[in-house]
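A.B. asks: Line by line, the protein sequences are chains B and X.
Just so you know, the first sequence maps onto residues 414 to 550 in this note's numbering.
Just so you know, the second sequence maps onto residues -16 to 543 in this note's numbering.
Do not rely on the hints blindly, as some may be mistaken.
Said to hold, decoys possible - When the alpha-carbon atoms are kept at most 27 angstroms apart in a straight line, the in silico DSS-like pairs for lysine-lysine are as follows: (1) B/LYS458 x X/LYS473; (2) B/LYS458 x X/LYS(-9); (3) X/LYS199 x B/LYS458.
As the list claims (entries may be wrong) - Residues of chain X clear of chain B, computed beta-carbon distances all greater than 10 angstroms: (4) HIS(-14); (5) VAL3; (6) LEU4; (7) ARG120; (8) ARG195; (9) ALA313; (10) ALA378; (11) GLY421; (12) GLU439; (13) TRP523.
As the list claims (entries may be wrong) - Pairwise CB distance ranges, derived in the manner of DEER restraints: (14) B/GLU451 x X/ARG259: 52 to 60 angstroms; (15) X/PRO457 x B/ASP447: 31 to 39 angstroms; (16) X/ASP300 x B/GLU518: 53 to 61 angstroms; (17) X/GLU485 x B/ARG550: 55 to 63 angstroms; (18) X/ILE163 x B/GLU451: 55 to 63 angstroms; (19) X/GLU294 x B/ASP535: 44 to 52 angstroms; (20) B/ARG546 x X/GLU294: 56 to 64 angstroms.
Since the hints were made in silico from the structure, they are not lab data.
Predicted model, so just to flag it, every value in this text is computed and none were measured.
The C-beta atom is built at its ideal place from N, Cα and C for all residues, glycine as well.
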Amino acid sequence: MRGAMDKKIRVFLAKPGLDGHDRGVLIVGQALRDAGMEVIYSGLKQTPENLVEAALQEDVGILGLSILSGAHMALIPRIMELLRESDAGDVTVIAGGVIPNDDAEVLVAEHGVARVFGPGTDTREIVAFIREREERR
Amino acid sequence: MNHEEIDKIEREKERWEREVLTPALLARGERKERFETVSGHEIGRLYGPWDLPDADYVRDLGFPGEYPFTRGIHSTMYRGRPWTIRQFMGFGDPDESNRRLKYLIEHGAPGLNVAFDLPTIHGLNSDHALAHGEVGRDGVPVDSLEDIERLFAGIPLADVSTSLVIAYPPIPSMYLAMAIDQGADLKRLQGTFQNDSFCRDVAANVRVLPRRAELKLCTDVVEYFTNNVPRWYPISIVGYQIREKGCTAAQELAFNLSDGIEFVKSFIGRGLDVDRFGPRLSFMWNAHNDFFEEIAKYRAARRMWAHIMKERFGARDPRSMMIRFHTQTAGCSLTAQQPLNNVVRATIQGLAAVLGGTQSLHTDSYDEAMALPTEESLKLAVRTQQIIAEESGVANTIDPMGGSYFVEKLTSELEEEAWEYINKIDEMGGMLEAVENGFVQREVAHAAWRYQTGVEDGSQVIVGVNKYVEEDEPPIDLLKITQEMEDAQKERIARLKERRDEGKMREALERLREAAENDENLFELTMDAVRAYATLEEVWDVYRDRYGKFEESSILVESV
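The shape of chain X in the complex, shown without the other chains (with noise of 0.2 angstroms):
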């Protein structure tokens, strides 16, 4: 639109708002002086072509499949192939956990996707004192490579793609050393690792070793894979828990593509070229509750990946450009009052992930602001996504919103605010540094803190808990995790230390050892340490001898 034509749309906006707003403000009034976003962004009355009058739609929408890839990665999205549904599941034991993957696969939700306890996170087995009471309760207990394999038995891994929410060499080396020997090719095996230290370490606070040891191991990972596992997604770059954790939109964007601007930078410095790991690296972000914001974001995210990719790491391969993502409904937006009310959140917010150009979705499940998901639950969150998928659309035409002058205004702005961070970030001298300085925490901790303001206020409407309350609400039925379960996991442990060859673990262990000692690449020693069924914390016990333990601030020093 030429700059004549939005003059002429401009004056008869100024005629509209003498002869129809203004009488209508003086009349009536509005709600509120401000409406702003989940995140605090102030929205506009009206949006139109005048608000975007230097937009060049080449420039900066394209088309689908090309640079800037603001309409979307692929050139026919949807109408190719759908979304993948991707649940995020584990609890109770290995074998639990397989029975739940397999009911998802029966009930048309493929994409598997692994969530592991908080002691196989930080790399310790399920006897180990700090595992009391934890195994199995958030995720699934991985000890060895008998409970990979037990986790997936019966599944054919070269039929499907898996994702793994885990970091650093030893689980998974356990899956592939697990598809080595169910004879899959590796130029062909396709799934995700998360392996992203920054999110494990500022959002959810799992640190086990210090940080550039950390972001070593990732990058081994990373490397390995590059030059093995071709089709596979080494890294998903993670800004949904940070956003869990209580930032805004604006923010999840930027610390999260500073988050990704890391790892490049470790890969590149690994001597790795960029258009090689480039078409390997994934994204996740989460869907929070206010609808356009989201997808504004979703939007504001590729054509920013894509500039920092070709611009800033000089990439020449497209695809090292596209940012492809897995998306997760706010699990911070669910409530425990009402529960059902999450199913209505859960649809809306998936919604904007999928009008956002997600290429994967878990959408919660209604009862997991109290506990993991009930097979019930779990099927409902699933159909779900079919009616968004199947029944309602949406998945007809690329990028419906495109065009929107709302949608395209707030991109921008998102955009522009996530710049300002990110270029913030860039001076202190990376993620890695605004990380150690607190800097980023301190950010997510005041959005937290203003949110929760909100919400006391009345300002930040939360049906069934500030406003629209009901007492005496009937209880609803919660999936139960037993003692029983750690017990035998403790016990299996026992069995397969007297089971296994020691002297073989030992071996391979020591080769493990010193690698680290000389900080090579640690992912095939590891795997060749688990082959020989080396457990989890055995295997963590080197790095840590290696590397050293973060070291957690000392009990009450850290005032809040």
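Isolated chain B, as found in the complex (with noise of 0.2 angstroms):
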């Protein structure tokens, strides 16, 4: 029998709309392939539409969205609502950025965003989490 931990988590680590602060979301994909994840990065200043498309075909498990912009709200609402129109609502949606609590908690418990890392998070700590969301899957 296979175990879920001998296939390689893929994940796509995106960048929606026209922020372009990437340190993070380098460092972040980064530490995922050190973990020996398969990490996809879209590159900067992407559509919702694009990048849930994008996300589509490489069939991933696990869509990273960081906004340091403050356009959170109006752009990972709209990439919740695309998959679950794609039927991908099972794809797990983890964000980070900027984005204030009270506006995580929204994303959280409205919209289906699995969790939202704030700033100085630790990058073991999403490894951690995307290891277990794909053990459960």
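With the hints in hand, could you dock these two chains into one complex?
C.D. replies: If you want it as structure tokens, here you go:
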């Protein structure tokens, strides 16, 4: 019997909107790769439509969104909606960047984001969270 | 100090090591094997005259206001005039930002410093599809001359010095058009444009046109202002953002001075005399956590730029050799955890900038790891600077760190490390090539990863994040920016388009298009177009048609 861990976890990291701050997403990408995951990165300035289409094509289990521009409440709900419309509601969506706690709570409770990782998050926490989600699948 | 005296001191030092230090080390040891700065630069136990055996006061330090300016660019420094409190601000819409500008002036922070939102920075109007959700979120939206007028309503431009953190002709031309309409004397108008395509490109990943076209448009602004608005600083060469992206202090120094070198080459290539634009170049640096390293960095920057301008570019006017700079405390050092700790960080970092001789300063507000500042947090940031300036006594004398064995040694070491990078970049052909081939980006990413590793193994302490952590922190009030402002801004564009003289506007854009085809300086014709109420995006479309768009690596091909 094959365990979930035998298969390489595939993560799609994405930068929606016009935000160019990529220090965080590059660091998370490096950390996930060092943890043995396969990381695909969207590059910058992607629309929700582009991102969702790419995530579906790549058939990833995890979609990580990085936004530091303050546009998270416009972009993330739209991405969640597009995923549901494409019957990909089972993709685990995580987010990070500059997202105030109040907004993070709404994104989780009302839009189905699995978890928002705030500033100062240890990358090992993200690795552990992704592994646990993938094991449950 | 002559070598004989140093030898005598060194003999004493050996005795001290033998009789006092060694027993202490055997008994207790030190906290760690290696002490280093936040940049990973090793720091010694004790500095003394033995660290500076070849020091030459006149050659290396000199006097303030004189080459090589190590001790400061003015002869009286803060005894004559304190630095300018210049807080970066902009959010919501032009009216909201106008209220904030007036709030700053009212509380004793007269240096205006405007941040523009992402759509504006990318040359997109607020009603563009890509602007959705981004309008007014991290700066003020400006779609047309009308918005610049709203932003500065009731502020007499002749009496203030304004910094606009924006590049290329469109927004600067709006500002100038408004100043002309107010009757301001262009020979006396004061302010700064950031206008640095490299910092936008490397650090903020803002790229609209191909790199050489962006360099050309920055140069257009500098050429026009050099000839017409002589007291303006038409470019601010920025190391701040590249430091935010994770590089070291020495890299910030090297990459930013290389950035400056590339622009000087471009301005000379345009036929401008180095002593005409040289005195109107300004710079911007980060003030990060490591107190002494930052002070050394500013001092090294002054000495290095003086050498570059005098020896490399043949400047004769001492004012061309002075590096005048703005400093901002490190946004990347702010924590969302225990946010009030950020007040302390801004104080220490701001103090380093002052001891390093900055001309103006932005101290970050404590809530900025989570949102743009509230009035309350902003006021505290302003008060922080006022306390440094008017209570602490640090502004009473010039370059109080000068002559410290440690600071002088560190200044020289940072300088040496930075020259190595600059030489490497020169060998590649310059900053443009070093950015095009990805060298700068790779160096920065490597340093950022090294820092993160330190944070995660605990060797790099961040109070409240990886040490002295508290669970269940109480929430604080944050600034909220509403979607309604974005919607109202969109409606204004529609109304403007109905109101303006379409024929006149088209004609102005057509003339701009022709000038662009001929690679002329586009500043004046851009100003004509914005005065005819061409919107920001319409002007940018002319540029985009002429030069093409910067091709971002398309989705999925860029590997992390």
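A.B. asks: Look at each hint and say if it fits the structure.
C.D. replies: Now the hints, each set against the structure:
The hinted pair formed by B/LYS458 and X/LYS473 meets the criterion: a straight-line CA distance of about 21 angstroms does not exceed 27 angstroms. For the given pair, B/LYS458 sits about 63 angstroms from X/LYS(-9) by alpha-carbon distance, which is inconsistent with the 27 angstroms threshold. For the hint linking X/LYS199 to B/LYS458, the alpha-carbon distance of about 24 angstroms falls within 27 angstroms, and the restraint holds. With a least beta-carbon separation of about 47 angstroms from chain B, X/HIS(-14) lies farther than 10 angstroms from that chain, consistent with its non-interface assignment.
Non-interface call for X/VAL3 relative to chain B: holds, since the shortest CB-CB distance, roughly 42 angstroms, exceeds 10 angstroms. The Cβ of X/LEU4 sits about 38 angstroms from the closest Cβ of chain B, beyond the 10 angstroms cut-off, so the non-interface label holds. Annotated as non-interface, X/ARG120 brings its C-beta within 10 angstroms of a C-beta of chain B; the closest such distance is 3 angstroms. The non-interface label for X/ARG195 is consistent with chain B: the shortest C-beta to C-beta separation is roughly 20 angstroms, beyond 10 angstroms.
Separation of X/ALA313 from chain B is adequate, the least Cβ-Cβ distance of about 13 angstroms exceeding the 10 angstroms criterion. At roughly 33 angstroms from the closest C-beta of chain B, the C-beta of X/ALA378 stays outside 10 angstroms, upholding its exclusion from the interface. The Cβ of X/GLY421 sits about 13 angstroms from the closest Cβ of chain B, beyond the 10 angstroms cut-off, so the non-interface label holds. Listed as outside the interface, X/GLU439 is inconsistent with that label: its C-beta sits roughly 6 angstroms from the nearest C-beta of chain B, within the 10 angstroms cut-off.
In this structure X/TRP523 is separated from chain B by more than 10 angstroms, as the shortest Cβ-Cβ distance comes to about 14 angstroms. For the pair B/GLU451 and X/ARG259, the supplied restraint of 52 to 60 angstroms holds, since their beta-carbon distance comes to about 55 angstroms. The hint said 31 to 39 angstroms for the Cβ distance between X/PRO457 and B/ASP447, and at roughly 35 angstroms that hint holds. Between X/ASP300 and B/GLU518 the beta carbon distance is about 59 angstroms. The supplied range of 53 to 61 angstroms therefore holds.
Distance hint for X/GLU485 and B/ARG550: a CB-CB separation of about 58 angstroms, consistent with the stated range 55 to 63 angstroms. A beta carbon spacing of about 58 angstroms between X/ILE163 and B/GLU451 agrees with the range 55 to 63 angstroms that was offered as a hint. Checked against the given bound of 44 to 52 angstroms, the beta carbons of X/GLU294 and B/ASP535, roughly 47 angstroms apart, stay inside it. For B/ARG546 paired with X/GLU294, a C-beta distance near 59 angstroms keeps the hint of 56 to 64 angstroms intact.
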